[in-house]
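S.K.: When you get a sec, could you build the whole thing from the sequences and use the hints?
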Amino acid sequence: MDPLDPLVRRAQAGDERALHELFVRHRQDVARIVFRALGPDGDVDDVVQDAFIQIFRSIGRFRGNSKFSTWLYRVVTNVARMHLRSRRARPQIASGVAPEDAKPASLADGPEQEAERHARLRALYRQLDQLSEKKRTVLVLHDFEGLSPAEIGEIVEAPVLTVRTRLFYARKELYAALATDPVLAEVAEQVREAASGGANAGKRAGSEP
Amino acid sequence: MIASRAHEPKLRALEALQAQRLSAAGRARLRRHLERCELCETTLRGLRVHTQLTAAVRASAPQVDFARMELAMRQHARAAARRSRLTRFALPAAAVAVAAAVLLVLMLRPTQRTPQPLARPAAVQKVSPAQPEAASVVAMLTALRGTATVVGTDGSEQRLTLDRPVREGERIALAADAEVHVRLGTDTAMALGPAARVGLQRLREHETFIDLLEGSVTSQVRHLQPGERYVVHALGYAVSVVGTHFSVSVDDDQLHVAVEQGHVVVTDAQDRVVGDVIGPGSFEVATGTRAGIDAALVKPRVAGVPGTAWPALSLPQWPSVATWQVDGSSFAASGQLAMRVPAGDVTLTAQLTDGRLRKTLVRVPAEGLRVEEDVLRRLLRANDDEAREAGTLKPDAIMSVVQAGLPGLQRCYELSLKQRPDVSGRLTLRIAVDAAGRVTRVTPRGDAGGVPEDLVTCIRTGAERWRFPPPGASGITFDAPIRLSHQH
Numbered sequence: 001m002d003p004l005d006p007l008v009r010r011a012q013a014g015d016e017r018a019l020h021e022l023f024v025r026h027r028q029d030v031a032r033i034v035f036r037a038l039g040p041d042g043d044v045d046d047v048v049q050d051a052f053i054q055i056f057r058s059i060g061r062f063r064g065n066s067k068f069s070t071w072l073y074r075v076v077t078n079v080a081r082m083h084l085r086s087r088r089a090r091p092q093i094a095s096g097v098a099p100e101d102a103k104p105a106s107l108a109d110g111p112e113q114e115a116e117r118h119a120r121l122r123a124l125y126r127q128l129d130q131l132s133e134k135k136r137t138v139l140v141l142h143d144f145e146g147l148s149p150a151e152i153g154e155i156v157e158a159p160v161l162t163v164r165t166r167l168f169y170a171r172k173e174l175y176a177a178l179a180t181d182p183v184l185a186e187v188a189e190q191v192r193e194a195a196s197g198g199a200n201a202g203k204r205a206g207s208e209p
Numbered sequence: 001m002i003a004s005r006a007h008e009p010k011l012r013a014l015e016a017l018q019a020q021r022l023s024a025a026g027r028a029r030l031r032r033h034l035e036r037c038e039l040c041e042t043t044l045r046g047l048r049v050h051t052q053l054t055a056a057v058r059a060s061a062p063q064v065d066f067a068r069m070e071l072a073m074r075q076h077a078r079a080a081a082r083r084s085r086l087t088r089f090a091l092p093a094a095a096v097a098v099a100a101a102v103l104l105v106l107m108l109r110p111t112q113r114t115p116q117p118l119a120r121p122a123a124v125q126k127v128s129p130a131q132p133e134a135a136s137v138v139a140m141l142t143a144l145r146g147t148a149t150v151v152g153t154d155g156s157e158q159r160l161t162l163d164r165p166v167r168e169g170e171r172i173a174l175a176a177d178a179e180v181h182v183r184l185g186t187d188t189a190m191a192l193g194p195a196a197r198v199g200l201q202r203l204r205e206h207e208t209f210i211d212l213l214e215g216s217v218t219s220q221v222r223h224l225q226p227g228e229r230y231v232v233h234a235l236g237y238a239v240s241v242v243g244t245h246f247s248v249s250v251d252d253d254q255l256h257v258a259v260e261q262g263h264v265v266v267t268d269a270q271d272r273v274v275g276d277v278i279g280p281g282s283f284e285v286a287t288g289t290r291a292g293i294d295a296a297l298v299k300p301r302v303a304g305v306p307g308t309a310w311p312a313l314s315l316p317q318w319p320s321v322a323t324w325q326v327d328g329s330s331f332a333a334s335g336q337l338a339m340r341v342p343a344g345d346v347t348l349t350a351q352l353t354d355g356r357l358r359k360t361l362v363r364v365p366a367e368g369l370r371v372e373e374d375v376l377r378r379l380l381r382a383n384d385d386e387a388r389e390a391g392t393l394k395p396d397a398i399m400s401v402v403q404a405g406l407p408g409l410q411r412c413y414e415l416s417l418k419q420r421p422d423v424s425g426r427l428t429l430r431i432a433v434d435a436a437g438r439v440t441r442v443t444p445r446g447d448a449g450g451v452p453e454d455l456v457t458c459i460r461t462g463a464e465r466w467r468f469p470p471p472g473a474s475g476i477t478f479d480a481p482i483r484l485s486h487q488h
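Quick note, the sequences are listed as chains A and B, same order.
Heads up: the first sequence is residues 1 to 209, going by the numbering used here.
Heads up: the second sequence is residues 1 to 488, going by the numbering used here.
Any given hint might turn out to be false.
[Claimed, not checked] Derived SDA-like pairs (lysine to any residue); straight-line CA-CA distance at most 20 Å: (1) A:K172 - B:E8; (2) B:K10 - A:A177; (3) A:K67 - A:V156; (4) A:K172 - B:Q18; (5) A:K67 - A:Q54; (6) A:K134 - A:E186.
[Claimed, not checked] Reference listing, derived: stretches of chain A covered by chain B, where coverage requires no fewer than 3 residues with Cβ under 8 Å from a Cβ of chain B: (7) 22-31; (8) 52-62; (9) 161-173.
Keep in mind that the hints were calculated from the coordinates and are not lab data.
Quick caveat, the model's predicted, so the values are computed rather than measured.
Cβ coordinates follow ideal geometry from the N, Cα and C atoms, glycine included.
M.R.: This is the structure:
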């Protein structure tokens, strides 16, 4: 059991300053988790705020059976999941270049680079939207947040083997989708060329005496 | 070729290849397999794209406006703390409460309460300082149009000039055609509107309290840290803010609060919250009426850096000029204009009363520049052809404003869906933007594809509030397609 941080104890006792201090201390982490869960077009501000409201409400129930960071991940991940569910049911209004019409991103460095990167991330999260909620959560926590299957198991309250299975199938589905996404065709070509260039260089290096 | 139906992609092996964990023999074996297996080749392509994009996700930082949510989080923390304490002491308190309730029932007769209209507080609320006493700051004028006077703490009155700093305790009064921009600190400034009268109640590093007696004050406030405050007092109410762009106006004893960006809270003299406004939106305090904002707010000029003063540029009044645009700020051209600008070349754009634009470059020396009438006449005649050219704006800049404005339009769509749950479709808006980046006209193009007229009107009105980066020259016009879709 993780000894309770004095700040957490004060927050549980109803110390308003401690609750605010928790917000200040963890807001960057929460924002990062939410951003990576929702993607570049998500309502990150709103979800971060909802996550902290949930944290404030339920901190009294945190008993220190896991690390505070694990508990925080669990609460934030669940709030993000709820948001994704409600987003699927909401009417959508969109403008500009529709995802299906988007041009492949240019490889050239220049002032458009940021917009290209944004378009690619949007394409990635569009494909993530096609995964089931459980697979998506595991993939985001593992690949984007860098957590181990054991840590993810604690967060999503599932055995490690289940986490590994979800991750395997999430990646399998996602790789197939990313390989055929027209917006990402140029990225695919770019990495293929880089890989074959590296392989050729490796061969050349290997053939030299 | 390996039949893909009977074959599962070698995911683990491909990931090991990508991570360069395979031996030379393993690599060679897998490459031979890849030459014959289209499914594994496709999976490897997806894996490489995923690796690339994962790095991009990890490198991206969320843009979250913490200052904006600071006030709300304080309120939630307070509520949560209250709940927590209540739970903690609920049982012992319950017995006391029951006893107290019995006593109260015996002692008091119930009285009927009727709802009371919101009473206006009698006096301006004075907020006690939350920070340790800090030295007062000296505020610098960044722009002055027309005439204004300042009343010092000793009661002496003098005409306000660009060189006259203003201090805590002083009052400023503007003529009917005047406008004054005051820099209050880093990234914080206010613009006083025509006929405004304000008192600089408190000008400290962490606290700014402005008393608005008449007219309007539009503020641009940097993101405040915990404990910092920026408050405008008017008609007994306090309008508090955490990092935003908002305007407070007093008109015929009515208090009007308009918020272009951010979140403000209006409290009365008893510290009761009587309204809060999240931009873009407005709030009429006496009636509680909420609405959108009619036009973009004045952008208070934050010029220069603390401790230094930029040189002054003075422009005479000129009958054929309607608006001046100088160094990112716009001013009506009534009355003489003086403003702080960076030394060096400054682009001066004049929008003429007939709608045409004239643009020229003036070199402002460190000691300042007063542009005389004959020079101005020459400048305005020059570059005639150049001034008529259309402006430019990068597609990314347009997209970014449109994307940021979509949540505002979403409300129109959600309201419309309540009346007609099947509404969906596409419409294209032709948007005209002037040289300063203001939307001057929004018209739907072609067939609105079954989108109801009231929804189109709501979307048009919303789009008219968008503010683009200044495209320069005579502005630009472009089409923005809007797609409306929903799932049952």
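S.K.: Determine for every hint whether it applies to the structure shown.
M.R.: Hint check:
1. A:K172 - B:E8: holds, 10 Å
2. B:K10 - A:A177: holds, 16 Å
3. A:K67 - A:V156: holds, 14 Å
4. A:K172 - B:Q18: holds, 15 Å
5. A:K67 - A:Q54: holds, 18 Å
6. A:K134 - A:E186: violated, 30 Å
7. 22-31: holds (count 4)
8. 52-62: holds (count 6)
9. 161-173: holds (count 3)
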